[in-house]
Structure formats: structure tokens, C-alpha cells
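Q: The task is simple: from the sequences and hints, build the whole structure.
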Amino acid sequence: ALPGHLLRGLLPLLTVFRLERAEGAARRAGLSTQPIWRKLWDDVMKTRPPNSENITCWRKKFLETFFSNVLHGVLDVSSDWRLNDHHFSPLLHSSPHVSQLTLCNMLQGAVELTAEHNQKVLENLAGSLRILKFQHLLSSDQSIRRSLVLLLHRLIHHGSVSQVSMYSWPVPDTVLLVLILSMSAGFWRSGNALVYHSSPCGLCRKEDKAQGQESGQEQAERGRYDEREWSNSENQKGSPRALEEAGAEAKGYRADARLNSVLCGPRSPSLRNQACEEASSKVPCDHTSIQGGSSRCISDQLSCHPVLRKTRRRLKSAVGRKRRCLRRSKGPYADPEDLYDFVFTVAREDNSGLVDKNSTTEGENAENWTSSSPGSPCTGHTGCKKRGGSAGMFSLKAAHRFRSVSTLELFSIPLTGETCRTLSNLLSSWVSLENLVLSYNGLGANIFCILSGLRALSRHSDCHLRVVRVSDVFSHMPCMELVRCILSAFPQLHTLSVSFDLKNQLEGNRPEGNPSCSEVEIPESCLEQLEIRFPREPLHTAFLLPVLKASKSLQQLSLDSATLPCSQELGLLLEALRECNPNLKKLSFHDVNLAEHQKEVLLLLQDPILQEITFSFCRLFESSTTEFLSEIINTVKRNSSLKSLKLPGNRLGNHRLVALADIFSEDSSSSLCQLDVSSNCIKPDGLLEFTKKLEDHIQQRGGRIQFTHLRLFQNWLDQDAETAQEALRRLKAVCSVVNDSWDSSQAFADYISVM
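Mind the numbering: the sequence shown is residues -22 to -1, 1 to 733 in mature numbering (1 follows the signal peptide of the UniProt record, and there is no 0), read in order.
Treat the hints with care, as some may be off.
Stated by the list, open to error - With a cut-off of at most 30 Å between alpha-carbon atoms, the simulated DSSO-like pairs for lysine-lysine come out as follows: (1) LYS615 - LYS710; (2) LYS564 - LYS624; (3) LYS481 - LYS564; (4) LYS530 - LYS621; (5) LYS527 - LYS577; (6) LYS564 - LYS671; (7) LYS621 - LYS577; (8) LYS39 - LYS111; (9) LYS670 - LYS615; (10) LYS671 - LYS577; (11) LYS98 - LYS187; (12) LYS564 - LYS621; (13) LYS38 - LYS111; (14) LYS624 - LYS661; (15) LYS39 - LYS710; (16) LYS615 - LYS563; (17) LYS530 - LYS564; (18) LYS17 - LYS38; (19) LYS577 - LYS564; (20) LYS671 - LYS527; (21) LYS621 - LYS661; (22) LYS577 - LYS624; (23) LYS39 - LYS17; (24) LYS38 - LYS24.
As the list claims (entries may be wrong) - Simulated DEER-style distance windows between Cβ atoms: (25) LEU580 - VAL716: 23 to 29 Å; (26) ASP119 - ALA711: 55 to 61 Å; (27) LEU(-13) - ASP58: 39 to 45 Å; (28) THR701 - SER146: 38 to 44 Å.
Note that these hints are calculated values from the structure, not bench results. Just so it is clear, CB atoms sit at the ideal spot from N, CA and C, and this is done for glycine as well.
A: Below is the structure:
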């Protein structure tokens, strides 16, 4: 209850523990603690955080980073008196502020968080943590994996984690990778198989008890109903037809009971593998066998499919003899090995179930996937249709389904065929998944396996997938073909990004468009953002047109690294955009040679609908005259709808930058707020001249100007530090300036090398 002026002087003298406790009092007194937390960051962390200009709460930023550094042993709390408070428990008191956490290397952080003395820390994280990241993981032993199981179970299944991201794992441990993927998807053995601090998971135990009570009530009601039915049918049971129907029903019930008992009963591993081998030639792969983690046995699925019902009698003996569900845990104190049965089973691959890779060509694989309607059995590269006995599918069915995350991101993690099949099976029923990012995973032909899982997911009515991003070094199918395949299965997508660096050499002689894909009807979609990075493929508007026509709600379009096969192609694209996408607000071209398309560039700049235009490394001024620059400036001056113009990497130089200041002249009706002139060989004297000219225009307009942001990354401002500092100082009085420290000497060598 100190007066405000005393509290203002006291706050900088408090330890972190006391400062945190005084936060409420400072707020009530109208005082901000943000400068103190920012100074704490500078003194303790001694680094500049990325995107510091976007940090809105330095208190949260400090405590979150502090938690991570203490957890990984890279920060000594005795190094600063403000951290060294005997009342202060570093992990416990900072954990409520942690919304994202990164675990790396040998997962030491997982071991520490699941230790007995950190139970309260883990409970705090279960409520606050939203993003869980894994980076540079190494192989781990069973005890570490067990700690990871407990951590994921608490933070995902019984917590608030909504995003799991994995980065930079050059040689992934298959068991560990599948463990993280499966638990992120909500799959694991039933709750009583998880041992938490030498006792069953308390949250699972409560859920099991509640479900048991509900099940008991349902059974009691069913018993009363059966009694009524029995009494009502007593007078009719003597008729011959009734006796015949009763006999048939009893016979069918006994057959189903025998099938269930054999499928779910214990069986040797060798017989289980034989079951996969035999079933692979008879039962088509159907990802819908994974329905929300249901624990029903396979006989229920066989009776659900009209096609399979015809062969059910023939399949019963074969499947019943040689397949079983996963063995259930025998109690709350299960063998530690039993915790990993599911992971080993879902990751295992039976060679007997594989299709001969030479039996189907890659072109046929693509045609099979694209020509089949959404929801049809998988016929992709992995031969799923012929290997319906995949251990992954049925082990998923035997697992219990918990809460799952809504975002999965995999960056620079090679995915083998085995892992892709597992991921495909997980995706097929991951209805809570909203965002999927697969970046540089070396998919190759396994892209068809991922597509089959996505196609199976698309037929779930409660599917929430809205964002798909796929990027890799090599493309195994043309970009537009992949875009149309995904969009035809998921018209509800809001964002679709497909990016490849290079064209697969094996694909060199393939036609640009798969005939079957070009015939696929794309339903009207909800797509708002489309990004395509072509591996130096020609941009054919004819292939893009069906996508544009189906995407009436498209607001952002980005085309990267495409080649224009003829001079008319860009004009055809602009015409298609005007006709098909009236709501388009942002258009971006990157690394597309527009040097010979000055007319089309000017047409874009005068478009009355576009609010943001990007010409990035497009060689705009490579063969242009001064008249072209003047036309650009006059066009932008007359366009009142354009808010952002990005021109990085177009060799503007000093004189063109100075000329661009005329966009803000007194006679201009421009509403331009943001200008990006990064990587344009701009020197300090040119920037200073641009600044002076801009100041003159602002003065002539009485200070009325909407210009707010200028980006200057990777320019030659280090050649005269004093002049650059003066220019930046004067610019920052006008707008927000974002630049960096950059070594232009090396950049100049790179520039000369590509001229």
C-alpha cells in the first residue's frame, strides 16, 4: 500500500520474486514494470531477442526464457542478486508464464520435469503451455522415453498443449519419433497402463471411474429394456418363423463372439505377422478403421462395409485364426516394456505386406490417387490397398484415444517409408488437426502415402484441417498437380502452401500435368491464401485457372521461382485473377523474371482492389528506362487502395530510391503505408538524400502522411556509418525503420558474381 512515487523508486530494487509479487500493486498505482523487466533481460540474458520490436510483455518474455535456461542448465541463478532469493523457486515461480517450451538433445528437460519434486511445476505447465518444440534430438534409452511418455501424457492428453513442432533431426530414432507423433495424435494405451510416480495416472483413473459409472447405468437400462422385450415376445416365440429367426440370430451372435474372442485373445507374434500377410491380399486398406480411438474389434468393421459383408463368412476363419488385437495391460503396474508395445507395433513394417515396387509405376500411383474420389481406398505408392494387414492400423484401433494437438510441424526431419505409413495412419483420423506443416522431410515418392492419409481424413465430417504446408528439396510430382490434388480433397482449406527447390530428375520426362489430375473436379473452396514455389517449372495459367475459379474467396496469392513460358502468360494470369478472384488483396512474385513485362507490372500497380504488392528479386529495372520508373511512381501516386509496396532485390540503387520519395509528394493521393527496399544496393548518402526529400514532402503536406514503415535490410549502410546514423535518426522521426547490421563487402562480392 505504498504511495505511487515510493513504489516507483522501490520497484527497480526488488528481486525477481518480489517484483513478481508487486506486479498487482504497480498496476493499481498506474505504474508499468515493463522497463524493469526489459533491463533484467539485458542484464541477465545479455542477448537481443529476435523480433524484439514485436514483444508486448517483457515480463512474460523474461520469465519464459528464464524457465527454459534454468531447465537446461545454461543459467546460474546465483549470477545475479535479483535472482538469488531464498523464497524464489526458479522453475516453480516462472512456470505459470511459460506458453512455449523447447526440449532438445537427450531430453534432459523431460526427465527433470517429471521428477517427483517437480509435480507442481508440471501441473502449472499443463495449464499454461500451448506450444511444445523438440530440436536436435538424439537417441534415448528406455528410462528417458518413459519420462517423455509421462510428460506428453500430462501436457497433451490432460493439458493445454495445442502445437507440437520438431526441428533438425538428421537421423531420427524411429521409436522416439513415432512415440511423439502418436501421442500428439492422442493415441496411447489405455490410461491404466500409464504409471505416474509409481501409481496410475490420477486423471485417467478419475475418467475411468466416471466412464465406469456411466457404463453401469447404461447396462442397467439395457437390462430393463431387455426384460420388457422378453416379456413382450413370450407369446410369439412359439411360431415357426420366430424360432427360425431366433436360431439364425443366436448362430450369428455365437459366430461374432468367437471372432471377437480370437481377435482380442493372446496369440504368438508369429501368428500375428502371418495374419498381416494373409489379410494383405484380402482386406483393402481403409483408414476409416480408426474411428476416434474406438476399442471395438475388427468384426464390427467387417460388418459395416457392404463389400466386405459378402466375404465375411470366408474371412472369419482366416482372420480369426491369425490376427489379434494388442494385448491389454494386466493392471496399473504394467511391465515398463508394455508401455512401448504400441510404438513398436505401429512402427513395425512386415515385408510380407509390402507390394512389389516394380508392379506399379510412379505415374500410375499419381493417377490412382488423383483420379479416385475422396474417401476411396488408398492406392498410393506404398501399396496400402494390398497391405490391409498393416500392423499400424489395428494397433491404433486397440489404443485408447486421448486429447490431441491441433498443429503438427516437422522441419528438416527425414521421414522413411515406414514412418510415412505410420504418419498416414495417424492423419487418417486426426480430426482435431487444424495445421499441418511438413518441411524438408525428404518425402519423395512417400508423398502419395501422406496424401492417402489426408484423403481418408477429408471424409470425416468433423475434420478441422484448415492449413497445409508442404515443402521439400525435390518435387516428386508437378506443383500444380499436388495443389489440385490437395484442394480437391480439402475444399475447406484456408491456407495451402506447396514449395519445392528442385525438380526430381526422374520426373524430367513426365508431362507437366497428369491427365487424371486435370480431369479432377475441384469443388468450390474456402481457400484464402495460396502459395506455390515452383522448382523452375513453367507457370501455365491453364493449369492454375481451375484452382483460381474454385477459390472465389482467395485473398493472398504468392508465386515463387516460376518461369514464364511466353510473353503473354503473365497477361493471361492477370486477366484470370480479375475475373475469378475479386477479393484478392495481396499478390506476391518472388524470383520471377519480370524485366520484359513492364506493361503488366503497371497494370498490377493500378489495380483498385490489391492492397499489397510484392516484386521480390524480379529484375524490374534490369532493362528498363527512366521513363518506366516515372510511370511506376505516377501510377502508385494515383492508387489510393495500395497500402504496401515491397521491392526487395531489384537493384534500385541510390538514384531510384531518391525518386521513390515523390510517391509522397503534395499532389499524391497515395495511401501507401509500408515500403520495403531491402537488398537494393542502397548507400548511406542515397538514404540521407531520400530522407531529406521525404521530409520536404511531409512539410508541404502539413505533416499529413500515412507512411509508417520502411524496411532496409541488407543494404550497404556500413560504408559510411556516420552518414547512415544521421539518415536513420531523421527517418525514425518520420516512420518506423527496420534494418540490420550487414557486411556489405561480402555482399558486394556476391553481387558481382551474379551480374
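Q: Does LYS710 lie within 30 Å of LYS39 when you go C-alpha to C-alpha?
A: Answer holds: LYS39 to LYS710 is near 26 Å, not above 30 Å.
Q: Verify the proposed pairing of LYS671 with LYS527, using a straight-line Cα cut of 30 Å.
A: Distance of about 45 Å is beyond 30 Å: violated.
Q: What's the verdict on LYS671 and LYS577, does the C-alpha distance respect the 30 Å limit or exceed it?
A: Answer holds: LYS671 to LYS577 is near 28 Å, not above 30 Å.
Q: Does the beta carbon distance between LEU580 and VAL716 stay inside 23 to 29 Å, or does it fall outside?
A: Roughly 28 Å apart at Cβ, these two residues keep to the hinted range, so it holds.
Q: For LYS577 and LYS624, compute the direct alpha-carbon distance and say whether it is at most 30 Å.
A: holds, 18 Å
Q: Are LYS39 and LYS17 close enough, with their CA atoms no more than 30 Å apart?
A: holds, 12 Å
Q: Run the distance test for LYS577 versus LYS564: straight-line Cα separation, threshold 30 Å.
A: Holds. LYS577 to LYS564 sits at ~19 Å (cutoff 30 Å).
Q: Going straight from one Cα to the other, do LYS564 and LYS624 come out at no more than 30 Å?
A: Judged against 30 Å, a Cα distance of about 11 Å means the pair holds.
Q: Mind checking the alpha carbons of LYS615 and LYS710 for me, to see if they're no more than 30 Å apart?
A: holds, 23 Å
Q: For LYS39 and LYS111, compute the direct alpha-carbon distance and say whether it is at most 30 Å.
A: holds, 17 Å
Q: Quickly compare the C-alpha distance for LYS481 and LYS564 to 30 Å and report which way the hint goes.
A: holds, 27 Å
Q: Would the pair LYS621 and LYS661 pass a check requiring their Cα atoms to be no farther apart than 30 Å?
A: Given that 30 Å is the threshold and the Cα spacing comes to 26 Å, the pair holds.
The structure shown violates the earlier hints numbered 20, 27.
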